[in-house]
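J.: Sequence:
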Amino acid sequence: MRELTDRGKGSWFGAFQDGRLVASLGVFTDGSGLARYQSVDTLPGYRNRGLAGTLVHHAGQYALTELGARLLVIQADPGYHAIRVYRSVGFADAETAVSLQRFPDRGDG
Numbered sequence: 024m025r026e027l028t029d030r031g032k033g034s035w036f037g038a039f040q041d042g043r044l045v046a047s048l049g050v051f052t053d054g055s056g057l058a059r060y061q062s063v064d065t066l067p068g069y070r071n072r073g074l075a076g077t078l079v080h081h082a083g084q085y086a087l088t089e090l091g092a093r094l095l096v097i098q099a100d101p102g103y104h105a106i107r108v109y110r111s112v113g114f115a116d117a118e119t120a121v122s123l124q125r126f127p128d129r130g131d132g
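For the sequence shown, the residue numbers in this note's numbering are 24 to 132.
These aren't lab readings, by the way, just hints derived from the structure by calculation. Warning: the hint list may mix true and false statements.
Claimed, not checked - Calculated pairs, DMTMM-like style, for lysine to aspartate or glutamate (alpha carbon to alpha carbon, straight line, at most 25 Å):
| id | residue 1 | residue 2 |
| --- | --- | --- |
| 1 | LYS32 | GLU89 |
| 2 | LYS32 | ASP64 |
| 3 | LYS32 | ASP53 |
Said to hold, decoys possible - Using C-beta positions, here's what the derived DEER-type ranges look like:
| id | residue 1 | residue 2 | range |
| --- | --- | --- | --- |
| 4 | LYS32 | GLY130 | 39 to 49 Å |
| 5 | SER62 | PRO101 | 15 to 25 Å |
| 6 | GLY56 | ASP29 | 16 to 26 Å |
| 7 | GLU89 | ARG125 | 22 to 32 Å |
| 8 | GLY68 | ALA120 | 22 to 32 Å |
| 9 | LYS32 | ARG70 | 43 to 53 Å |
| 10 | GLY91 | GLY130 | 13 to 23 Å |
| 11 | ARG129 | ARG30 | 34 to 44 Å |
| 12 | GLY113 | THR28 | 20 to 30 Å |
| 13 | HIS81 | ASP128 | 43 to 53 Å |
| 14 | PHE39 | ARG129 | 42 to 52 Å |
| 15 | GLU89 | GLY130 | 25 to 35 Å |
| 16 | LEU123 | GLY91 | 42 to 52 Å |
Please read these numbers as outputs of a predicted model, since none were measured by experiment. The beta-carbon is built from N, C-alpha and C at its ideal position, and this holds for glycine as well.
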């Protein structure tokens, strides 16, 4: 992500309380007109204060005006609490992604 930031393809955003980073996210593009949010996080003691929603909004405005994005994408588990934040700032479910993981055989079974 550092390389993309250095090349002007994205940026990181943060919310601070008394100089401490309490919420952050990144938004990046590959130049195709699509921008994707990365690593949206808020410290547990600072949740439910609107910080993530505010950052998502401002980062989206940046992506549209500064990065030339026409489509903003954020990926979230439908059962995860943060999806309410994304929906509250205008995101809607568009696709379903499925992933599988196979753990290596440890030879104990």
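J.: Decide, hint by hint, whether the structure agrees.
T.: Here is how each hint holds up against the structure:
Pair hint LYS32 plus GLU89 holds up; C-alpha atoms about 9 Å apart against a cutoff of 25 Å. With a C-alpha separation of about 21 Å, the suggested pairing of LYS32 with ASP64 holds against the 25 Å cut-off. The suggested pairing of LYS32 with ASP53 holds, with an alpha-carbon distance near 7 Å, which does not exceed 25 Å. Between LYS32 and GLY130 the C-beta distance comes to about 44 Å, which sits within the given range of 39 to 49 Å.
Between SER62 and PRO101 the Cβ separation comes to about 19 Å, which falls inside the hinted range of 15 to 25 Å. Checking the proposed 16 to 26 Å range against GLY56 and ASP29 shows it holds: the Cβ atoms sit about 21 Å from each other. Look at GLU89 against ARG125: about 41 Å separates their beta carbons, and that is not inside 22 to 32 Å. A hinted range of 22 to 32 Å holds for the C-beta pair GLY68 and ALA120, which are about 30 Å apart.
Remark: the range hint 43 to 53 Å for LYS32 to ARG70 is contradicted by a beta-carbon distance near 29 Å. Remark: the range hint 13 to 23 Å for GLY91 to GLY130 is contradicted by a beta-carbon distance near 52 Å. Separation of ARG129 from ARG30 is about 42 Å and conforms to the stated range, judged on CB atoms against 34 to 44 Å. Checked against the given bound of 20 to 30 Å, the beta carbons of GLY113 and THR28, roughly 25 Å apart, stay inside it.
For HIS81 paired with ASP128, a C-beta distance near 47 Å keeps the hint of 43 to 53 Å intact. In this structure the hint that PHE39 and ARG129 lie 42 to 52 Å apart at CB holds, the actual value being about 44 Å. The hinted range of 25 to 35 Å is not satisfied by GLU89 and GLY130, whose Cβ atoms lie roughly 52 Å apart. Distance hint check for LEU123 and GLY91: the Cβ-Cβ separation is about 35 Å, which falls outside the suggested range of 42 to 52 Å.
When held up to the earlier numbered hints, the structure conflicts with 7, 9, 10, 15, 16 and fits the remainder.
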